[in-house]
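There are 2 protein chains.
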Amino acid sequence: MDTNNYCIIMAGGTGSRFWPMSTADHPKQFIDIFGTGDSLLQSTFRRFENVCPRENIIIVTSSAYRGLAEQQIGGLQRYQVIYEPMRRNTAPCVAYAAAIIKQLNPQANIIVSPSDHAIFDNEQFTRTIEESVRAAQSHDWIITLGIKPLNPNTKYGYIQYNENSVEGNGKLHEVITYTEKPPYDMAVQFLNSGDFLWNAGIFIWSLPTLEKAYRRYLPDVAVFFDKINMNTPYDDIEKLYATCQPISTDYGIMEKTDNVHVMEADFRWSDVETWQSLYESVEKDNRHNAIVGSNVFTYDVSNCIINLPNSKTVVLQGLDDYIVAGDESTILICKRSEEHRIFKFESDIEVHKNKQEK
Amino acid sequence: MDTNNYCIIMAGGTGSRFWPMSTADHPKQFIDIFGTGDSLLQSTFRRFENVCPRENIIIVTSSAYRGLAEQQIGGLQRYQVIYEPMRRNTAPCVAYAAAIIKQLNPQANIIVSPSDHAIFDNEQFTRTIEESVRAAQSHDWIITLGIKPLNPNTKYGYIQYNENSVEGNGKLHEVITYTEKPPYDMAVQFLNSGDFLWNAGIFIWSLPTLEKAYRRYLPDVAVFFDKINMNTPYDDIEKLYATCQPISTDYGIMEKTDNVHVMEADFRWSDVETWQSLYESVEKDNRHNAIVGSNVFTYDVSNCIINLPNSKTVVLQGLDDYIVAGDESTILICKRSEEHRIFKFESDIEVHKNKQEK
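Protein chains in written order, with the working numbering: chain C, -19 to 338; chain E, -19 to 338.
Hints in this document: simulated from the structure, not taken from any laboratory.
On a predicted model such as this, the values are computed, not experimentally measured, just so you know.
Warning: the hint list may mix true and false statements.
When chains are identical, the list treats them as one kind, so a pair holds in a single copy or across two.
SDA-like, lysine to any residue: derived pairs with alpha carbons at most 25 Å apart [as the list claims (entries may be wrong)]: (1) K338 - G17; (2) K333 - Q51; (3) K236 - Y279; (4) K338 - S274; (5) K333 - R267; (6) K219 - R107; (7) K333 - V168; (8) K264 - D246; (9) K236 - Q22; (10) K335 - E110; (11) K192 - K315; (12) K135 - T212; (13) K315 - D280; (14) K315 - T278; (15) K151 - Y214; (16) K335 - N290; (17) K338 - S43; (18) K315 - R114; (19) K292 - S274; (20) K264 - D328; (21) K151 - D280; (22) K292 - H6; (23) K207 - C224; (24) K324 - Y279; (25) K207 - Y197; (26) K292 - K338; (27) K324 - D301.
Generate coordinates for the entire structure from the input sequences, incorporating the hints supplied.
Right, here's the structure in full:
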């Protein structure tokens, strides 16, 4: 394990797609969506403990979720959890954490990762990261992990790569184009061509490469490297954030620079963005149900996604193709085809509760 | 209100048909199945407060439910709740309570009623009881309330009556035959003939008539009148019960005596025995859903029976013809046509929990 490796885990997202289990106050990264006993953040943190010493892992989250990361991951040093004063997309988030890491180790290798994705082969993941770190270190490259596409999903970024590999293991390639969220027909072409990978949102770069890229493409954000250290008062951080435009690293840097390379990843991955993607990524029983919850009893139930706390006893009979999900006080039963309406259901209930409180 | 009127409410039943809301430990009579704020026992008690002074109401229940009646109905005198030491069907239950009433008022008019039925017109109910009391008092008759049958239900007792009425209001008739739980074809004939009423299980008789009937037809049980008073030690009650065969008043007395008359009842009634009978007896929304629960949100939901505590927020989408029922920790979703399997579901879960505890 290279002690120069540092990880930035981005845990500020608000995704409420798994309502009622995830909510605006307690978003997806903090919930145990797979019923493994670990939240997505906890799994991500554990995964990176194989890549770098645990004290080298920095979690960036929102002040709206104060305390949640510390609750879920014990024994963190104070600098390991950073609270962003406001949402400014990923570029300021990464710069803030990188500025802190610069104080700890100016020669750091930095792995940037979402906190709320799932990876189903930790050993292969570790190997892929280690190979990426080696390449990033020696070439001043930005490495992004690419996932072999399984379907023409229009929500992802597509990376076109040069099929000649640039390093020994045959997995690392030059990036030709990058297309975020293509229209459906284009996504189908990308998929069929075999020349594209999904962008997994995991970047590997050395701190000097990272800082150089910010100074060149995002100079407004690059001031973080001059002005932020571990002792910067929170008010000053707030002022700095207020001056930033919200912008992603993808858009602000990756699409502009020509030193991005893609590492083909060999592990099964899911961004766990929808019940459908969750369903696709987990084991099913012999009636094609994906069940989380130790007290779920099913009779004549098929093709369902069932996700309930162990404290609830639930008997389901005669359901086909439904989502059944809940937390301690709320339960949702909804046709899988109607998943897109969950936001509406959640907001209807908010409206109802606000009315009652008045 | 006639202060000679006394009520015996039988609340010892074990019915677990409304699992998970009702259980062996907390059966149907103690739950608020209609979401009115009152359990069936509480509603029954209130109904009889219009018929007699509240201190004249005796609740007979099982020692398995010790404390539940007192919890639900405040300010009861000690003699008003009687605990049967073992289950012996209704004949010993009524005799035990009647023996206590005899001490209080040997000229009592006694109304015997189940605790777990629903009556949807309390004023009409009061009038019917008052007319029945008058007839029972003046003629040494046993009056049973008869409900106009709505369908050929094979679970009920059918009373054939002489269509000439025997009293002024035109509702009181001689009983010709009594048939408990007829086969389906016979029930259809009964229904079509127009000469039959369902037995509601509510009997009105004077204490002297009642005691005479027991002494003649059930002399083994009639000894209660000689041996039981308010101060009888519980051990002695237990010994007396141990000598009784389980037998119902219907079978032990009503079917044998010739002084039973039936009073046609004009109120809507339900024995609340199944989700189906519950569904038939309550108001439905414009999509034919019967909903109890103040935080139930439905989308594209029709013909469902939904019964959930107010503490639970439940979103249902795309369900047709289901039962959705629950308590704080358990929820059941089941096709209405599969209601008969609920006993099996409940027992499967018991088995599972017992295994886990081992």
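Tell me, which hint numbers fail for this structure? Of the numbered hints given earlier, those the structure breaks are 2, 3, 6, 7, 9, 10, 11, 12, 15, 17, 18, 21, listed in rising order.
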